[in-house]
Each structure stands twice: as C-alpha cells, then as structure tokens.
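Q: Each chain, letter by letter, is given below.
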Amino acid sequence: MARRRVEVLPAGRRMRVPLLVVGGGPAGMAAAIEAARGGLACTLLDEGPRLGGQIYRQPPASFRVRDARALGRDHGRGAALRAELAAAGAGIDARPGTSVVGIWGRDVAWVAGDASGTITAEQLVLATGAYDRPVPFPGWTLPGVLTAGGAQGLVKTMRVAPGRRALVAGTGPLLLVVANQLHQAGVEVVAVVEAGRPSWSPRALGKVWGEPGLLKDAWDHWRALRRAGIPLRFNQTVFAAHGAREVEAVTHGPVDPETWSPIRERARRVDVDLLVVGFGFVPNTELTALAGCRHRYVHELGGWTPVRTARMETTVPGVFAAGDGAGVAGALVAVEEGRIAGITAAEQAGLLGSAEAERRRAPPAARLRSLARVREVLDEISRLRPGLTELATPETVACRCEEVSIAEVDGALAHGARDLQAIKLMTRLGMGPCQGRNCAPSMALHVAHAAGEGPEAMGRINPRPPIKPATVGALANLNLHRIGDAQGRAAQPAGSQG
Amino acid sequence: MKHQQASEPMDRRVEDGLQRGRPVEIVVDGLPVPAFEGESVAAALLAAGTRVLRTTARHGAPRGLYCGIGLCFECVMIVDRRPNVRTCQTPVRDGMQVETQQGEGRWPDAASRSCRRAGA
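Taken in sequence, the protein lines are chains A and B. Each residue of the first sequence is one higher than the last, beginning at 88 in this note's numbering. Each residue of the second sequence is one higher than the last, beginning at 35 in this note's numbering.
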C-alpha cells in the first residue's frame, strides 16, 4: 500500500479556509464529502494518525490488511466512507495527526507535534465524537482495567490481546461486540455482565426491523457468544477489581433491576487479568463549549450536548455540530448528521441553492428518521440508573489525574460545594491533564445522587485551552496575542461561561 | 520492573487479518522489547505483557492503558527523554527509549534542552 506523506500545515502562519471540519470520524468525513460535492473546499483535521475516528479506526499505515472480515463489519463500513472521501476529490484537504487545542470565535488553534498554527474558518463543523463513560468502582485504576472502546481499538487495529482471561462488564450492545472480538483474539472471556435488561430481546429488536444491518450485527454477535459458551448475565455488574500492581481478580454480582444498586451479599470473585468496562459513551463537547455554543443536559444522549437545529446548526452562526460529539447515537447516525451539516455549509456559503440543498438533505434526513427507532432502543440502554454511583467507596479514586477520592469530594460537599466548579476549586478534581473528561460525568451523577438533584444542576467543569497538552514552543508559535483580532475580541475562551 | 524477556518471551499479538509493519526494537527501562512499525508504544508493551506504565505522583499507585484513545492520560511514559507522552497515541520507532514514569516525570537537564527547542 502506498504510504501517503503527511505534510504539516504551514506552521505559525494564519490560514483562512471556507470550511474547517474538526474530527475525521464518520460525521466529520461525511461532512467533508458533502461540502466538497457542493463545491465548498474544506480542511479536515483529526488527532489520529489516519482518518476514521474510533469506530472506523484503521490499522496503522505500515500494516497490510490480509483478511478484512477478521477486522469486523465496521472496518468495511469505514472503508466505504473513505472511498467516498477519496472520490469527492481535491476539495478536501485532510490533515490527520493534528490536534485542535482551542477555539476563539472562528480562530482555531492547532498543534501537530512541535508545530502549531491557527486557522480562521468561515464555517466550522465540530465532529469530535464520544468516549467511554467512566464509572468509578474500587480498583478501577489498576492496570488491566480497560474501557470497552480501548480494548476494541487494540484488538481491531493493533491485533494485540490485552490479557488472557477477561470479564466484560457494563451496559449496551457494544459489550457483545467487544466480548466477541476478545474471544476471537484468543482471550478467555469468563462472562459478559450487563447491568440492564436484555436490550436485544426480540421485543426490542422488533423496533429496529427497519435497520436490518444493525439487527444482523446484534444477532451475529449474540450467536457467536453462545457458540463459544460465554455466559451473558443480565442485571449483574462488576463491584471491584483486585490486585497489588495489576488486575488479578474481580468481584461481580447482581444489581437491583430497577435502581442498579449492587447486592453485595451475593458477590462472587473470579480470577481474571483483564476487566473490560463499557457503560455507554459521553459526548466530547470541549470544542463546542469553547466555540460558545449553548448546551443542554440530555440523559439519553450521554449528558451535555450542544443545542442544534435539524440542519445541525448550533446556537453560534456558522458553527455546526454532528455525530456522537453532539449526542451519542452511533456511527450510522453520525454519518447522516455529517452529510446534513456539509450540505448546509455549502448552502450557506452560497454554493448550493436552497431547493438543491433541500433535495440533497432529503435522503440523509430519511435515514435519520429510520435510525431514530434504533435510537429509542439505545436511549433505554444508555439510561443509567442511580445505583451505579453506589459502586464506589469513600477510598475510591474519583479523579484519576489528581488522585482525588470520593471521600474528598464528599468533604467538599459537606463544606458547602454545590456544583462541579466549586468541587474543582476545593479538591483539585478535574485539574489534571484530562481536564475533567474522566471525573466530571461520574461526579455529576454522584453529587446529584447525594443532593437529590439532576446532574444538570451540577454544572460543568469549563474546558480551558490548550485542551490537549502542547509544548511551550508550540504554544509560543501560535502568536496567541493576535488570535481573535478578526472578531475584535481578546484571546479569551468564548464559552467560558459554559 | 518485571519484563518478560527475563524468563520466556511473551507475545500477545494475534496472527490473522493483518500483515504487520517492519520489525523494530524499542528499549524500555533499559531492556529491549520487540515491536512492529506502526504499533503504538502501549500496544508493543501490552504485547510483551507489560501493563504498569507509570506510578502516580500522590500515592505512587500503578497505572496503565485505560481509554486507549488519547483522552485519559493514564498511559503516559517518558519517551525519548520527554515525560508525559501518551503511549497509546505514539507510534514506535526503532531504538526509541521508553521509561516507566514516576509521578509527573522529569525532563533531563531541562534548562538547556528546552531553551534550544523553543528557539528552533
């Protein structure tokens, strides 16, 4: 396979582009494709070394795919989208390996290794994806505890088995997929424990008849697990991981079917060296927050999500949000949302008439209506029950970066803290390099549970640029004092009020 | 630090579906670890059975790969003398020097090196 030379964007210089798409997963690729088809040139940035995002992640460029089927159906879907991207022509300037570290108005700061620069975009599509919802429990920081997405990435793109003997725990259909992939990679999967009820029951599956592809995926994985003799246990979850330096065993057991409160008297211990945990996903909304978009808390979509129109417009003119980063609904929905965003961007740039834009939006809009039925099923799955917050004990680490315990968070509450920002100031929760991505979603639920309020009342931990660590040299090259000049505003995060 | 080379070589790579890149060797805490071009540092270490990648600043607790997508910063190590490098996002390079990171890690003779780098 020919290896494409990845050129670095012109460092230190300000570029102007008609459309900047941030995120090269399903939504971002689809937005770029439709924008280019509409005649709108666009620049597509992604942090990963190759386009694809997480679900359509490609193996490294130096690997050669011998058997595409061994890599799963999503590999094929990703390949089809990349082929569309390639066919969309020279209007797309794709720059993998490039992180966006901040947004001020329409000025976007990027970093690629030690190089950096800014891009002023007339329009922006933010397609930043989602990440595994962190759920704290005793031992969750031990090496050998992996997120479902992380384990899947290793097996799918690196073909490395992250352990020998595994328990897979959490909720949602991804558990089946990951368990199956681990099994095929030679890992002994002792059980899959699903906190919820069977979301793939015949009744639930009846709702997705309009989507035979998804139905077949779920059935295939379920059948494969049954063939392999891997038990699937409902209304059970992991209680703790044990080990001195790495995972040596885990405790799991039943939960109350309504509240998911752990029933500890009936816990069982099993020797494993790998625990894979997947409790759904949280949208990555740092960039929509920095861009100044209004957000609202929607349980079913994974938490804080940007407010959008049916054309994927956020509350900031010229800024679109598409895909899981705007509300978790999976890759198939992300692609259609991305298409609508790209078409609308071309329309607003004056390159497509409104009738033509409407004609082009019709097929993806119809697909979204069909997928909405799948979403109903997903909504039920991703509705986390409050008992999950009871897994953690006072000693459990709440903030992985700063090593803040649940007891310290509770101490801040006792001293009058009423939201995440106050807890951050009192405990250092969320002040580490992950910027609260790992602690904010779970602590919002924990604190809300304790206070008897909704997680939306807990506010957010405001993202601050650079949202990914950058060297001082890279930041110096950004000429930050000049950023925002075009809009006549100082270099302050536009979304600092959250 | 326990490395599998000491006893019997461990390899958790799955041999189907993919033809890997060119074999290379990285050096982890002074010991050679085999890897393939294109692999992340974290994947090469996992394949060799090494899962403790750092210890924390406050409690000295062991940490390893967790999110695998560059968001959690649990897998950071000292790579080619630069601390806090996300090993899940960093491809291996032949001869790459990797160290288990203690706490926040250290820059070697920080003053002279980073000044030169910033001026470059």
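No wet-lab data here; the hints were simulated from the structure. Glycine included, every Cβ here is placed at the ideal spot set by N, Cα and C. Some clues are possibly wrong.
Some, not all, of what chain B presents toward chain A, calculated at C-beta under 7 Å [as the list claims (entries may be wrong)]: (1) L52; (2) P96; (3) G98; (4) C106; (5) F107.
Q: Work down the list of hints and note, for each, if the structure agrees.
A: Quick rundown of the hints versus the structure:
1. Nearest Cβ of chain A to the Cβ of L52/B: about 5 Å, under the 7 Å cut. The hint holds.
2. The beta carbon of P96/B is positioned within 7 Å of a beta carbon in chain A (closest approach about 5 Å), and the interface hint is therefore held.
3. With a least beta-carbon distance of about 3 Å to chain A, the hint placing G98/B at the interface is held under the 7 Å criterion.
4. Among the interface hints, the one on C106/B holds; its C-beta lies about 5 Å from the nearest C-beta in chain A, closer than the 7 Å criterion.
5. The beta carbon of F107/B is positioned within 7 Å of a beta carbon in chain A (closest approach about 4 Å), and the interface hint is therefore held.
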